[in-house]
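Participant: If you're matching them up, the sequences are chains A and B in order. If you read the first sequence in my numbering, its first letter stands for residue 330, the second for the next number, and so on. If you read the second sequence in my numbering, its first letter stands for residue 19, the second for the next number, and so on.
Just so you know, these hints were derived from the structure itself, not from any lab. Note that the structure is predicted; figures quoted are calculated from it, not measured. The beta-carbon is built from N, C-alpha and C at its ideal position, and this holds for glycine as well. It is possible that some hints are incorrect.
Stated by the list, open to error - Here are the simulated PhoX-like pairs of lysine-lysine, each with C-alpha atoms no more than 20 Å apart in a straight line:
{"hint": "1", "chain 1": "A", "residue 1": "Lys-450", "chain 2": "A", "residue 2": "Lys-364"}
{"hint": "2", "chain 1": "B", "residue 1": "Lys-152", "chain 2": "B", "residue 2": "Lys-47"}
{"hint": "3", "chain 1": "B", "residue 1": "Lys-24", "chain 2": "A", "residue 2": "Lys-338"}
{"hint": "4", "chain 1": "B", "residue 1": "Lys-78", "chain 2": "B", "residue 2": "Lys-24"}
{"hint": "5", "chain 1": "B", "residue 1": "Lys-173", "chain 2": "A", "residue 2": "Lys-450"}
{"hint": "6", "chain 1": "A", "residue 1": "Lys-360", "chain 2": "B", "residue 2": "Lys-24"}
{"hint": "7", "chain 1": "B", "residue 1": "Lys-95", "chain 2": "A", "residue 2": "Lys-425"}
{"hint": "8", "chain 1": "B", "residue 1": "Lys-47", "chain 2": "B", "residue 2": "Lys-95"}
{"hint": "9", "chain 1": "A", "residue 1": "Lys-450", "chain 2": "A", "residue 2": "Lys-425"}
{"hint": "10", "chain 1": "A", "residue 1": "Lys-338", "chain 2": "A", "residue 2": "Lys-425"}
{"hint": "11", "chain 1": "B", "residue 1": "Lys-95", "chain 2": "A", "residue 2": "Lys-338"}
{"hint": "12", "chain 1": "A", "residue 1": "Lys-360", "chain 2": "B", "residue 2": "Lys-95"}
{"hint": "13", "chain 1": "A", "residue 1": "Lys-338", "chain 2": "B", "residue 2": "Lys-169"}
What the hints assert, rightly or not - Over the 10 Å line for every Cβ pair with chain B, so calculated as not near, a few chain A residues:
{"hint": "14", "residue": "Leu-390"}
{"hint": "15", "residue": "Ile-416"}
{"hint": "16", "residue": "Ala-433"}
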Amino acid sequence: MNNELDNLKSMWRNAAPAEPPAASARAIVNKAKAKRRSSIFFQYGNIAVLSATALVIYIFLWQLYPYHTALGKTGVIIMIGSLVLRIVIEIFSIRKWHHIQLDAHTLQNTRQTLDYYEFRKFIHGSVTYTIVIVYTLAFYCLLPEFSQQVPAWVTVLIGISYPVGAAILIRQIRKGIRREMDDITAISRLSESLQSADDTE
Amino acid sequence: MSKDQKEIFETIYRNYHAMVLQVCTGFLKGDTIQAQDVMQEIFINTWNALPNYRGDSSYKTWLYRITVNTCLQHLRKKKLPVNTEIAALPELPSESNTGKPYNQLYQAIGQLEEMDRLIIIMVLDEMEYSEICKITGISEGNLRVKIHRIKTKLKKIMHHE
C-alpha cells in the first residue's frame, strides 16, 4: 500500500497548479475589507431596525398618542419589552458568532460552530415563538382602546389580518428552523466523525 | 492593519496560494473554477484572522487550519451533497480525454467523506502526522486509524472495487 501511496503522492505533486493566482494580494485585502464592512452592516442593521421599531412604538404609543387604560399601557410595555428582548438576544448571537475561530483546529471550530447553530435553533425556535405569542397578546391588549378611535370595520380588518400575518411568520420560522436543523445534523456528524475512529464501514 | 501585517499577508499569499488552490481543487473534485472562489474566501478569512495569529504554529499549519475550516464551511453554505459511503466511481475522465491523469485522483478523492478528503490531501501534501493532528484536533492514534481506512477506501475507489 505504501508504494501505491507514493504513486499518489507523486501524482499529487505533478498536479500542483503552476498558473498565477486570479487575484492579487491587494485585491484580496480590498475584498476582505469590503466583506467585513458588509457583514457588520448586515449584523448591526438588524439591530438598528429593531431598535428603530421599538423607538417608533415608544414615541407614538407612549408620548404622542398615549394609551390611558391599564390594559392599553400594559400592551405597549409588553410590545416594547419583547422588542428589547429580541435586540438583546441579537447582540448575544453576534457575540457568539464572533467567538467562532476559523484558525482553530477543526474539532474546536466544529464545536464552536455547533454551539452557535444550537443557539440559533433555540432563539429562532422557542424564543421567537414566545416573542410572537407575547407580541400578539400585547397587540390584543391595545385593540379595545384603539377600536374606540377608529371605525368598527378597521378594527375588524386588523383583527382578521393579524392572525394571517402571524401564520405566515410562523411558517417562515418553521422553514428557517428546518434549514438550521440540517446544518446542525451535518456539523454534529462531522464532529462525531472527528472524535471517533469507529465512524466508518 | 499595520504595514507589517500587510507584508506578512502578501508573503503568505505568495508562498502558499498554490498549495491552498490545490487543496481546494482536490476537495472540490477537480472543479478549478469553484476552487478559485473558495481560495479567495480562504485568503479573505486569513486576512481577517491575521491579527489573532499568535505564532504558536507555523504560518503553513495556521493557514491549513483556515483552509480546512473554510472548505467545510463552503460545503455547508452550498449545501453540496455529502458522501456517507463509498459510491461506485462515476464516469471518470480518462487520461486520453483530459490529458490530465491527476483528474482521476481528484475524482477519486471526491468520492471520500468530506473530512477524509481533507486528511488524505494533507497526507499527499507530505504533512507530518503531528501537524495534521494540530490542524484537525484529532489524536495521533485516532489519526493513524483513520488514515489507514482512508487509504483502503481510496485504493478501492481507484481500482473500481
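Participant: So, for every hint listed, does it hold in this structure?
Facilitator: Each hint tested on the structure:
Only pairs whose Cα atoms come within 20 Å are accepted, and A/Lys-450 paired with A/Lys-364 is rejected, the gap being roughly 25 Å. At most 20 Å may separate the alpha-carbon atoms for a hinted pair to count; B/Lys-152 and B/Lys-47 exceed this at roughly 25 Å. For the hint linking B/Lys-24 to A/Lys-338, the alpha-carbon distance of about 33 Å lies beyond 20 Å, and the restraint is violated. With a C-alpha separation of about 17 Å, the suggested pairing of B/Lys-78 with B/Lys-24 holds against the 20 Å cut-off.
Between B/Lys-173 and A/Lys-450 the CA atoms are separated by roughly 40 Å; this puts the pair beyond 20 Å, and the hint is violated. Under the criterion of a C-alpha separation no larger than 20 Å, the hint pairing A/Lys-360 with B/Lys-24 is consistent with the structure, at around 14 Å. The suggested pairing of B/Lys-95 with A/Lys-425 holds, with an alpha-carbon distance near 19 Å, which does not exceed 20 Å. For the given pair, B/Lys-47 sits about 17 Å from B/Lys-95 by alpha-carbon distance, which is consistent with the 20 Å threshold.
Distance check on the hinted pair: A/Lys-450 and A/Lys-425 sit about 13 Å apart at the alpha-carbon level, within 20 Å; holds. Taking the CA atoms of A/Lys-338 and A/Lys-425, the gap is about 40 Å. The hint is violated against a cut of 20 Å. Taking the CA atoms of B/Lys-95 and A/Lys-338, the gap is about 30 Å. The hint is violated against a cut of 20 Å. Annotation: proposed proximity of A/Lys-360 to B/Lys-95 holds, straight-line Cα distance about 19 Å (limit 20 Å).
This hinted pair checks out: A/Lys-338 and B/Lys-169 have alpha carbons roughly 12 Å apart, not beyond 20 Å. A/Leu-390, annotated as away from the interface, keeps every beta carbon of chain B farther than 10 Å; the closest lies near 41 Å. Distance check on A/Ile-416: its Cβ is at least 26 Å (rounded) from any Cβ of chain B, clearing the 10 Å threshold; non-interface status holds. Not every CB of chain B lies more than 10 Å from the CB of A/Ala-433, the least distance being 7 Å, so the non-interface label is violated.
Violated hints for the displayed structure, listed by number in ascending order: 1, 2, 3, 5, 10, 11 and 16.
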